Amino acid sequence: MTPRLTLILLALSACGPKTSAPVDFRASAPAPLERSEFKLPTAQEAVLSNGLKVHYIQDATVPMTRVNVAFRMGSHMDDAETVGLAGATFDMLNEGVEGFDALAMSGEMKRLGASLSSSAGVDGSSVSLSSLTRNLDEALGFLTKALMQPTFPASEWERIQKTYLQNLQQARTSPRSISSRVFTNAFYAGEYAGRLRSEAHIQALNVDAMRTWWSGHAVVENAIVGAYGNLSLEEILPKLEAALGSLSSGSEVGTLEPTAIDLDQTEIRFVHKSGAAQSVIRMGRDLGVSYGDEAYWPARVANGAFGGMFMARLNMNLREDKGYTYGASSWTSQNYGDERWQLATSVRTDATAASLFEIFKELADVGGDAPVRPLSAEEIAYAQGSSVQGYPAQFETAGTLLSKLSDVWIYGLPADAVEAYISNVESVEAEAAQAAFADLVANKPLLVVVVGDWDVVGESVTALGYPVVQVDVDGQAIDASSEE
Amino acid sequence: MITLPLLAALSGSHAAELSVPHELYTLDNGLTVILSEDRDLPIVQVNIWYHVGSKDEPKGRSGFAHLFEHVMFQGSENSPGEYFERLQEVGARVNGTTNTDRTNYFEGVPSQHLPLALWLEADRMGWLLGVLDQEKLDNQREVVKNERRQRYENPPYGRAWGDMMSGLFPEGHPYHHLTIGSMEDLSAASLADVTDWFNTWYGPNNASLSIVGDFDTETAKELVDKYFGPIPTGPEPAVTMADPVVLTESKVIRQVEEGVPFSRVWIAWNSPALWKTGDAELDVLSSALSSGKNSRLYRHLVHEKQVAKSVEAYQVSRHLAGVYMIEATAAKGYTTDDLVKEIDVVLASFLEEGPTEQEVANAKTQYEVGFYNRMKTIGQKANSLNSYFFYTGEPDSFQADLNRFLQVEVDGVKEWATKVLIPERLELHIRPPTPEEDAAKDVKDQEGGAQ
Chain Y
16 MTPRLTLILL ALSACGPKTS APVDFRASAP APLERSEFKL PTAQEAVLSN GLKVHYIQDA
76 TVPMTRVNVA FRMGSHMDDA ETVGLAGATF DMLNEGVEGF DALAMSGEMK RLGASLSSSA
136 GVDGSSVSLS SLTRNLDEAL GFLTKALMQP TFPASEWERI QKTYLQNLQQ ARTSPRSISS
196 RVFTNAFYAG EYAGRLRSEA HIQALNVDAM RTWWSGHAVV ENAIVGAYGN LSLEEILPKL
256 EAALGSLSSG SEVGTLEPTA IDLDQTEIRF VHKSGAAQSV IRMGRDLGVS YGDEAYWPAR
316 VANGAFGGMF MARLNMNLRE DKGYTYGASS WTSQNYGDER WQLATSVRTD ATAASLFEIF
376 KELADVGGDA PVRPLSAEEI AYAQGSSVQG YPAQFETAGT LLSKLSDVWI YGLPADAVEA
436 YISNVESVEA EAAQAAFADL VANKPLLVVV VGDWDVVGES VTALGYPVVQ VDVDGQAIDA
496 SSEE
Chain W
54 MITLPLLAAL SGSHAAELSV PHELYTLDNG LTVILSEDRD LPIVQVNIWY HVGSKDEPKG
114 RSGFAHLFEH VMFQGSENSP GEYFERLQEV GARVNGTTNT DRTNYFEGVP SQHLPLALWL
174 EADRMGWLLG VLDQEKLDNQ REVVKNERRQ RYENPPYGRA WGDMMSGLFP EGHPYHHLTI
234 GSMEDLSAAS LADVTDWFNT WYGPNNASLS IVGDFDTETA KELVDKYFGP IPTGPEPAVT
294 MADPVVLTES KVIRQVEEGV PFSRVWIAWN SPALWKTGDA ELDVLSSALS SGKNSRLYRH
354 LVHEKQVAKS VEAYQVSRHL AGVYMIEATA AKGYTTDDLV KEIDVVLASF LEEGPTEQEV
414 ANAKTQYEVG FYNRMKTIGQ KANSLNSYFF YTGEPDSFQA DLNRFLQVEV DGVKEWATKV
474 LIPERLELHI RPPTPEEDAA KDVKDQEGGA Q
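Going line by line, the protein sequences match chains Y and W. Counting from 16, one number per residue, gives the positions in the first sequence under our numbering. Counting from 54, one number per residue, gives the positions in the second sequence under our numbering.
Derived by calculation from the structure, the hints in this document are not laboratory data. Treat the hints with care, since some could be wrong.
[What the hints assert, rightly or not] Negatives, chain W to chain Y, calculated, CB over 12 Å:
hint, residue
1, Gly225
2, Thr330
3, Tyr444
4, Arg457
[What the hints assert, rightly or not] If the Cβ cut is set under 7 Å, some of the chain W residues that face chain Y in the computed set are:
hint, residue
5, Pro95
6, Gln141
7, Gly161
8, His166
9, Pro168
10, Glu195
11, Gln203
12, Asp267
13, Gly345
14, Lys346
15, Lys362
16, Thr418
17, Thr430
[Said to hold, decoys possible] Under 7 Å between C-beta atoms, here's a sample of chain W residues computed to sit facing chain Y:
hint, residue
18, Phe137
19, Pro163
20, Leu169
21, Asn199
22, Arg202
23, Lys385
Computed from a prediction, not measured in an experiment: that's the story for all the values here. Backbone N, C-alpha and C define an ideal beta-carbon position, used for all residues, glycine too.
Construct the complete structure from the given sequences, taking the supplied hints into account.
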């Protein structure tokens, strides 16, 4: 029996009447209707005269067009001296181009019913244009200018730099931002170039460096185009050629596989926030596997059952059973190198230690040599059904497929990665999923960050028995002697 | 699918009529049904609006409409488990939301599971109470309290919105309190309240059901009849009304909040309700004031004077009333009084000159784009059909809604800005403690001693 068949049978036995129909039709769930066929939408491919690859989806729903230029560039390219350079450079593309300062550019966009945005991530970045199709030619002119004639005006940078400094100050006051900053900083042990910016980093950035960085890297070899709109491919190609066909060639940027923190044991970093109404809990670790490894799909599917959805163990326990939180979830996330597993929740202050206890208990229950409560075949099948049957809905807007295709390119995944998702999830065996999750997450030390009121919960959190280090909002140990 | 029949022939400034073809009918028990086929993908959206929100809560029960929404996910007589259980298994996306005016519930399901979604929605509309117990209510009360902490108590400035609503709407006005409610009122809610609320507001005659996606209309009608038809009609729902209110004197609230990074000010006025005359003009005003870097407030406060880190103007319009709001965050070294001063400079010249033709034209283009963006998914369409039905009686009001903006003129914007942005207004100033205040607090904490 194929895995796919197993799933359908399970679904039927869970949903439909097993034998003859009951007298009261309302007493049991109705059987499904005939299954409609799902065909994954496909993108048309083209190559511009300079070699730039294009994916295009014709979508006549509304008279709008979106053109996204994705780059295999990002903060992974920053080194210790230039932390934040990639991000600042992308931000500045929208702050002035040949012939238009920031204000004039923004006014033109508004007049055209268009918007231009640019932003950098860790591994990939993008410059995107969205426009009323009737104004597309004019709007594309600004995309061209942003890519090929950005001016990086010093006066705008001075203003943006101030904004960065203020945003940093703001990030240090929001409990959720604090937890994420402290976690990321600690997770990559300060070594990974994607690390977060400090005041000194922001002060060190300048427009000359941005100009050099942009002209050196923003080349055909590091870019791919994804577009959708109501025009046909024949109609849009000449426009894309005119706008992007003159992007020059250069050399390909490398990739960086980050080294995550090496933990001997689970440890808690605690950030004190006086008077906090809730504690933010965040934890995670390096999964040690990446796309293509045997345990990759089993671990992802298992996470679905453990914490990846509303009905998962984690949320059922912390929210629906205990009422400690508005929601709790865990997820795996992609980057160069190994996949990362993370969990986050905000819990009521007086339930902080109890919540940590329950989370560790849930992990312990699926871990160890003989797990007390392993993820069952039913739970795994449930998680698989949810992922597989929910997949088509993701493709409602053309943007999803295009962003998945650009991820395939950025991370060098197999060409059929988008199409193979369903069979990859369905082919996971329950035992393999349980084993992978136990092996890669539950039995391994975790990095834990808690942001909450130490005066109220410090004692009970410490009593859980894990080493606790008090750190400040930037993750620096407050009492130097307690570190190491 | 939205039909744009004339698109290819268009060369002028505006696109063809927006339209979502649908069928509208009413069951004998009073349930309104709106069906719209869209067969692009094998998915279907079921969306139900109950015409009750926090505006209908009795005194002492603020937050109850929303707490009740949570109770609706705790199972019903024929499906006593978690509402999510059967739906998440088939990949559905499920949720519900509550605001001042209405409570909605929706699920996007693979199309073969339309019967499952309708069976579940019908079961909780007709047979909710039999399985509810104190334990479930208590648990969801805790979940909602956590939601309140997460959204309104823990984040910086989280309490501001509540202070403004109670400042703009007098005691007893349906919008005086926030939808999330007070901790005290949430604690007071009882099982008897749940029963009352359900019996008063959750009858089929106080709801509308919209289904959009991959289905056959005849099949859907049979299913709707089968599952919803037998639910008895509820009592005639009461209509909560409110007289228009306007501040007769200015109110200035100044607060010091520990942990906020920057000072922030809100200036707020009472304004017209949704769909009422002036509502669209005020949206166009917001576009001229704060949309884009060269809008008037942004350019003056953020770009030129650099006294603000950010500034936004917006009209929040609801069924019974609206609120017009200008919100600005101070740049380092500036106070909220500096912000108010510069905002007033911009407002004074706007009220004097009115908008330019270009500003009004830009806003219209912007709203046209906004309409396209919100008609892209079947979930947005299903919810809009219900929303338009609730506010206008006609589900397919997409073009009529857009027309409200396309008809706005320069004079109208000036007129409504003058009518609404009057001197009698509410100002809420929040600033972080000064270093001296922090130092004083530390001493006090130490004196208080650690418990």
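Hint check results:
At roughly 29 Å, the least C-beta separation between W/Gly225 and chain Y is larger than 12 Å, which holds for a residue marked as non-interface. With a minimum CB-CB distance of about 26 Å to chain Y, W/Thr330 clears the 12 Å threshold, and the non-interface call stands. At roughly 23 Å from the closest C-beta of chain Y, the C-beta of W/Tyr444 stays outside 12 Å, upholding its exclusion from the interface. Every CB of chain Y lies more than 12 Å from the CB of W/Arg457, the least distance being 18 Å, so the non-interface label holds.
Evaluation of the W/Pro95 hint against chain Y yields a held restraint, the C-beta minimum of about 4 Å falling below 7 Å. Contact between W/Gln141 and chain Y, as hinted, is supported at the beta carbon level, the nearest pair being about 5 Å apart and thus within 7 Å. Here the hint on W/Gly161 is kept, as its CB sits about 6 Å from the closest CB of chain Y, short of 7 Å. Taking 7 Å as the C-beta cut-off, the interface hint given for W/His166 holds, the closest approach to chain Y being about 5 Å.
Taking 7 Å as the C-beta cut-off, the interface hint given for W/Pro168 holds, the closest approach to chain Y being about 4 Å. A least Cβ separation of about 3 Å between W/Glu195 and chain Y falls short of the 7 Å threshold, and the interface hint therefore holds. Using the Cβ-Cβ criterion of 7 Å, the hint placing W/Gln203 at the interface with chain Y is satisfied: the shortest such distance is roughly 5 Å. Against a cut-off of 7 Å between C-beta atoms, the interface hint on W/Asp267 holds, since the closest Cβ of chain Y lies about 6 Å away.
Hint status for W/Gly345 relative to chain Y: holds, with the closest Cβ pair at about 5 Å, below 7 Å. Because the beta carbon of W/Lys346 sits about 4 Å from the nearest beta carbon in chain Y, less than 7 Å, this interface hint is met. With a least beta-carbon distance of about 5 Å to chain Y, the hint placing W/Lys362 at the interface is held under the 7 Å criterion. Taking 7 Å as the C-beta contact cut-off toward chain Y, the hint placing W/Thr418 at the interface holds, the least distance being around 4 Å.
Among the interface hints, the one on W/Thr430 holds; its C-beta lies about 5 Å from the nearest C-beta in chain Y, closer than the 7 Å criterion. At about 5 Å, the closest approach between the beta carbon of W/Phe137 and any beta carbon in chain Y falls short of 7 Å, and the interface hint on this residue holds. Given hint, W/Pro163 at the interface with chain Y, holds; its Cβ is 5 Å from that chain's nearest Cβ, closer than 7 Å. Here the hint on W/Leu169 is kept, as its CB sits about 6 Å from the closest CB of chain Y, short of 7 Å.
About 4 Å separates the beta-carbon of W/Asn199 from the nearest beta-carbon of chain Y, less than 7 Å, and the hint is met. Because the smallest distance between the Cβ of W/Arg202 and any Cβ of chain Y comes to about 4 Å, under 7 Å, the interface hint for this residue holds. Against a cut-off of 7 Å between C-beta atoms, the interface hint on W/Lys385 holds, since the closest Cβ of chain Y lies about 6 Å away.
Violated hints are absent here; each numbered hint is respected by the structure.
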